[in-house]
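Listed below, chain by chain, are the residues.
There are 2 protein chains.
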Amino acid sequence: MASVTIYDVANHAGVSIKTVSRVMNAEPNVRPATREKVAAAAEALGYSPNLSARSLAGSKSFVLTAFVDAALTLDHWSSERGTDYLTRIQLGATLPCREAGYHLFLELIDHDTPRMRQEVSSLLAALKPDGVILTPPSSDNEIVLDLLKKSGTPFVRLAPERSLPGGLRMRLDDRGAAARMTKALIDLGHRRIAFIAGEPRYGASRARREGFLTAMTDQGLTVEPTWMQDGDFTFQSGFDAARRLIGLRERPTAIFASNDDMALGCLAAASEAGLNIPTDLSVAGFDDSTGSRFSRPTLSTVRQPLVEMAGAAARALVNGQVPADCDTDAAPDQFPPFHLVMRQSTAPPPKA
Amino acid sequence: MASVTIYDVANHAGVSIKTVSRVMNAEPNVRPATREKVAAAAEALGYSPNLSARSLAGSKSFVLTAFVDAALTLDHWSSERGTDYLTRIQLGATLPCREAGYHLFLELIDHDTPRMRQEVSSLLAALKPDGVILTPPSSDNEIVLDLLKKSGTPFVRLAPERSLPGGLRMRLDDRGAAARMTKALIDLGHRRIAFIAGEPRYGASRARREGFLTAMTDQGLTVEPTWMQDGDFTFQSGFDAARRLIGLRERPTAIFASNDDMALGCLAAASEAGLNIPTDLSVAGFDDSTGSRFSRPTLSTVRQPLVEMAGAAARALVNGQVPADCDTDAAPDQFPPFHLVMRQSTAPPPKA
DNA sequence: CTGAAAGCGCTTACAG
DNA sequence: CTGAAAGCGCTTACAG
Numbered sequence: 274m275a276s277v278t279i280y281d282v283a284n285h286a287g288v289s290i291k292t293v294s295r296v297m298n299a300e301p302n303v304r305p306a307t308r309e310k311v312a313a314a315a316e317a318l319g320y321s322p323n324l325s326a327r328s329l330a331g332s333k334s335f336v337l338t339a340f341v342d343a344a345l346t347l348d349h350w351s352s353e354r355g356t357d358y359l360t361r362i363q364l365g366a367t368l369p370c371r372e373a374g375y376h377l378f379l380e381l382i383d384h385d386t387p388r389m390r391q392e393v394s395s396l397l398a399a400l401k402p403d404g405v406i407l408t409p410p411s412s413d414n415e416i417v418l419d420l421l422k423k424s425g426t427p428f429v430r431l432a433p434e435r436s437l438p439g440g441l442r443m444r445l446d447d448r449g450a451a452a453r454m455t456k457a458l459i460d461l462g463h464r465r466i467a468f469i470a471g472e473p474r475y476g477a478s479r480a481r482r483e484g485f486l487t488a489m490t491d492q493g494l495t496v497e498p499t500w501m502q503d504g505d506f507t508f509q510s511g512f513d514a515a516r517r518l519i520g521l522r523e524r525p526t527a528i529f530a531s532n533d534d535m536a537l538g539c540l541a542a543a544s545e546a547g548l549n550i551p552t553d554l555s556v557a558g559f560d561d562s563t564g565s566r567f568s569r570p571t572l573s574t575v576r577q578p579l580v581e582m583a584g585a586a587a588r589a590l591v592n593g594q595v596p597a598d599c600d601t602d603a604a605p606d607q608f609p610p611f612h613l614v615m616r617q618s619t620a621p622p623p624k625a
Numbered sequence: 274m275a276s277v278t279i280y281d282v283a284n285h286a287g288v289s290i291k292t293v294s295r296v297m298n299a300e301p302n303v304r305p306a307t308r309e310k311v312a313a314a315a316e317a318l319g320y321s322p323n324l325s326a327r328s329l330a331g332s333k334s335f336v337l338t339a340f341v342d343a344a345l346t347l348d349h350w351s352s353e354r355g356t357d358y359l360t361r362i363q364l365g366a367t368l369p370c371r372e373a374g375y376h377l378f379l380e381l382i383d384h385d386t387p388r389m390r391q392e393v394s395s396l397l398a399a400l401k402p403d404g405v406i407l408t409p410p411s412s413d414n415e416i417v418l419d420l421l422k423k424s425g426t427p428f429v430r431l432a433p434e435r436s437l438p439g440g441l442r443m444r445l446d447d448r449g450a451a452a453r454m455t456k457a458l459i460d461l462g463h464r465r466i467a468f469i470a471g472e473p474r475y476g477a478s479r480a481r482r483e484g485f486l487t488a489m490t491d492q493g494l495t496v497e498p499t500w501m502q503d504g505d506f507t508f509q510s511g512f513d514a515a516r517r518l519i520g521l522r523e524r525p526t527a528i529f530a531s532n533d534d535m536a537l538g539c540l541a542a543a544s545e546a547g548l549n550i551p552t553d554l555s556v557a558g559f560d561d562s563t564g565s566r567f568s569r570p571t572l573s574t575v576r577q578p579l580v581e582m583a584g585a586a587a588r589a590l591v592n593g594q595v596p597a598d599c600d601t602d603a604a605p606d607q608f609p610p611f612h613l614v615m616r617q618s619t620a621p622p623p624k625a
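Protein sequence lines, in the order shown, are assigned to chains A and B.
Under the working numbering, the first residue of the first sequence is numbered 274, with each subsequent residue one higher.
Under the working numbering, the first residue of the second sequence is numbered 274, with each subsequent residue one higher.
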């Protein structure tokens with residue numbers, strides 16, 4: 274079946290193709306009667322503008338690309354473990370795209386391979402996306418960020434971990450989420466709560482630390498200096514910090530590690546010390562990483578609202594709200610809502 | 274950054290754009306020296322052909338589209354249950370696409386809504402995909418099939434259930450898989466094995482039935498006529514059939530239901546009769562549906578190898594092996610390998 | 001083996 | 001408010 278083009282519609286409606294173009298793009302300066310005539314003709318002929326032609330002629334490609342790590346996806350899939358990035362991104366981004374006449378290419382990227390630069394570079398050249406949604410670890414990949422900037426493509430970085438510049442950085446409200454998790458531990462009955470901070474270079478670390486301290490203070494609880502431990506977001510640093518905390522004379526009844534990897538380190542340290550989680554000690558993490566769902570016990574944590582974030586990212590991109598040289602954190606009121614996920618690693622404190 | 278075009282490469286190499294085009298598309302009739310010169314220029318400039326331009330000028334769009342059900346995806350995601358279609362399709366189809374310079378649009382389709390026809394139709398008009406991969410329930414949706422045929426788009430139907438015509442139909446080897454599951458039950462020690470057949474209109478039903486009978490015969494086992502029950506692939510029909518089987522004087526020790534829904538019906542009937550699965554009775558299904566993974570007990574079943582099927586589908590499509598008017602079952606040697614997934618619902622028969 | 005011309009189906013920039 | 005011309009970056013069909 275020969276496809277119907279803008280010329281067919283123009284003929285059918287008795288106008289020029291430019292007028293058809295105006296109507297299809299909802300541009301101003303068309304008389305209502307003309308507009309309706311054209312719309313009717315398009316409807317009757319079943320006309321939809323060819324994406325390639327629009328893309329080639331115009332300044333927009335009507336294409337968004339999301340970068341997702343190939344290895345991570347493969348791992349998620351083959352281990353048959355719950356939630357995965359791909360579906361969440363797709364679900365979140367699809368609706369805003371559809372509403373704006375956009376289409377989404379979800380590209381699996383082989384991070385940390387020699388050919389990645391070449392792959393990403395030709396992806397951008399071939400697709401010319403109007404915007405790119407980066408998910409971890411793309412969000413923090415210097416080569417990706419570099420290529421994106423050079424190509425002048427607007428991009429949104431979801432849940433970036435490192436304080437690299439560039440793009441619209443979108444993450445949950447770390448401060449508020451940490452405060453809420455702290456409050457949840459307090460509500461369980463805990464009073465002696467320790468905190469393991471992350472790599473201090475990252476804004477997220479500071480924000481989570483602040484959230485913890487604020488919540489404690491707000492509830493009228495004191496924080497012993499020895500309960501504030503430094504970590505660097507690694508399992509090992511969580512393990513070491515937990516060891517120190519467990520050895521304390523005035524041992525805390527709960528540890529809030531400011532990411533899941535460190536919280537998993539706490540579980541290991543507790544196990545080594547013969548402590549039962551959660552009856553002897555509660556442990557909470559942050560991120561809702563895959564590991565948190567399959568540790569023993571499973572970890573109470575804070576979930577990054579990836580679906581909502583992908584939606585907000587797509588919306589910002591299709592609305593042209595992200596300039597090519599953007600280098601800002603998303604405004605606080607754009608912070609998507611987070612969720613506390615309380616699993617097996619937290620419980621009321623042991624009776625004194 | 275102004276992007277580099279075919280003209281830049283032509284200038285750099287001192288040839289015409291047509292020659293550059295030949296080299297980029299690996300066409301014949303270019304002197305090796307010229308070819309190298311052009312390749313070097315493209316490399317040096319970081320040139321990648323613009324997909325829109327190729328698509329608009331040429332007969333191919335270099336785009337494949339996969340249709341996935343929106344509601345199903347949403348359900349999979351929000352229930353936080355393992356495997357999902359989306360990831361499997363993406364993983365399977367990505368590699369063949371990449372190798373052929375193709376890109377994949379994964380489109381979420383709202384099946385069974387009034388606007389579906391319009392949506393799919395404009396999708397095809399806008400994207401002009403060179404091929405479409407259909408997953409259930411798109412594989413059996415008459416409107417989708419109709420639109421695809423009218424548009425002249427080659428398509429592959431993954432795991433189609435109904436005997437509607439059209440496309441390249443790709444499914445696992447039902448006969449072989451049923452035989453293998455039967456063999457697995459026999460290997461567990463079962464001799465009295467019942468079978469619940471599906472809707473006889475479907476080829477798959479007949480094939481599974483044959484596979485069962487063949488395996489029983491090959492192992493020298495007899496099949497009582499009362500052990501062969503008719504079902505129609507619904508939960509209810511499985512429930513009813515299982516009731517009849519359980520009431521038999523010579524009750525079978527295992528029931529092989531030829532799809533998961535019917536097998537789940539068997540579980541319900543067994544529960545009603547106070548039988549313990551698997552100690553009193555083994556039950557096996559077919560499909561590896563989501564339900565099979567979360568029933569109590571979890572169901573032993575046959576997995577549709579969706580990743581491999583998506584891969585084979587993408588390969589056939591990008592290689593142009595699927596004519597627009599294709600209406601055939603994939604050749605038996607193209608049947609992707611299946612896997613038996615033995616879970617909690619099967620065990621050795623009770624000691625007599 | 002190589003290239004000049006035409007055209008894919010739109011949007012842009014401009015004119016009226 | 002509407003339209004005629006030019007051009008986006010390629011491939012096709014043809015010529016040499």
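Simulated from the structure, these hints should not be mistaken for laboratory data.
Any given hint might turn out to be false.
One copy or any two copies: either way a pair holds, since identical chains are not told apart in the list.
To be verified - Derived pair list, reagent style EDC-like, types lysine to aspartate or glutamate, alpha-carbon separation capped at 20 Å:
(1) Lys-291 - Glu-497
(2) Lys-456 - Asp-281
(3) Lys-333 - Asp-385
(4) Lys-333 - Asp-348
(5) Lys-423 - Asp-446
(6) Lys-333 - Glu-300
(7) Lys-423 - Glu-392
(8) Lys-456 - Glu-497
(9) Lys-423 - Glu-316
(10) Lys-422 - Glu-523
(11) Lys-310 - Glu-415
(12) Lys-291 - Glu-434
(13) Lys-291 - Glu-309
(14) Lys-624 - Asp-513
(15) Lys-291 - Asp-413
The structure displayed is predicted, hence computed values, not measured ones.
Now for the hints, and whether the structure bears them out:
1. Neither within a single protomer nor between protomers do Lys-291 and Glu-497 lie at most 20 Å apart by alpha-carbon distance, with minima of 72 Å and 75 Å respectively.
2. With identical chains, the CA atoms of Lys-456 and Asp-281 are never at most 20 Å apart, being 64 Å at best within one copy and 61 Å at best between copies.
3. Neither within a single protomer nor between protomers do Lys-333 and Asp-385 lie at most 20 Å apart by alpha-carbon distance, with minima of 30 Å and 32 Å respectively.
4. For a Cα distance limit of 20 Å, the shortest separation of Lys-333 from Asp-348 qualifies neither inside one copy, at 35 Å, nor across copies, at 33 Å.
5. Neither within a single protomer nor between protomers do Lys-423 and Asp-446 lie at most 20 Å apart by alpha-carbon distance, with minima of 30 Å and 50 Å respectively.
6. With identical chains, the CA atoms of Lys-333 and Glu-300 are at most 20 Å apart within one copy only, with a shortest distance of 15 Å there and 31 Å across copies.
7. Only within a single protomer do Lys-423 and Glu-392 lie at most 20 Å apart by alpha-carbon distance; the minimum there is 15 Å, versus 36 Å between protomers.
8. Taking the closest pair of Cα atoms, Lys-456 and Glu-497 come within 20 Å of each other only inside a single copy of the chain (17 Å); across copies the shortest separation is 65 Å, beyond that limit.
9. In this assembly of identical chains, Lys-423 and Glu-316 lie within 20 Å of each other by CA distance solely across copies; the values are 17 Å between and 41 Å within a copy.
10. With identical chains, the CA atoms of Lys-422 and Glu-523 are never at most 20 Å apart, being 51 Å at best within one copy and 74 Å at best between copies.
11. Taking the closest pair of Cα atoms, Lys-310 and Glu-415 never come within 20 Å of each other, the shortest separation being 51 Å inside a single copy and 32 Å across copies.
12. For the identical chains of this complex, Lys-291 and Glu-434 are neighbours neither inside a copy (47 Å) nor across copies (46 Å), given an alpha-carbon limit of 20 Å.
13. In this assembly of identical chains, Lys-291 and Glu-309 lie within 20 Å of each other by CA distance solely inside one copy; the values are 15 Å within and 44 Å between copies.
14. Proximity of Lys-624 and Asp-513 under a CA criterion of 20 Å is satisfied in neither setting, with 26 Å inside one chain copy and 54 Å between copies.
15. Taking the shortest Cα distances, Lys-291 and Asp-413 never come within 20 Å of each other, neither inside one copy (44 Å) nor across copies (40 Å).
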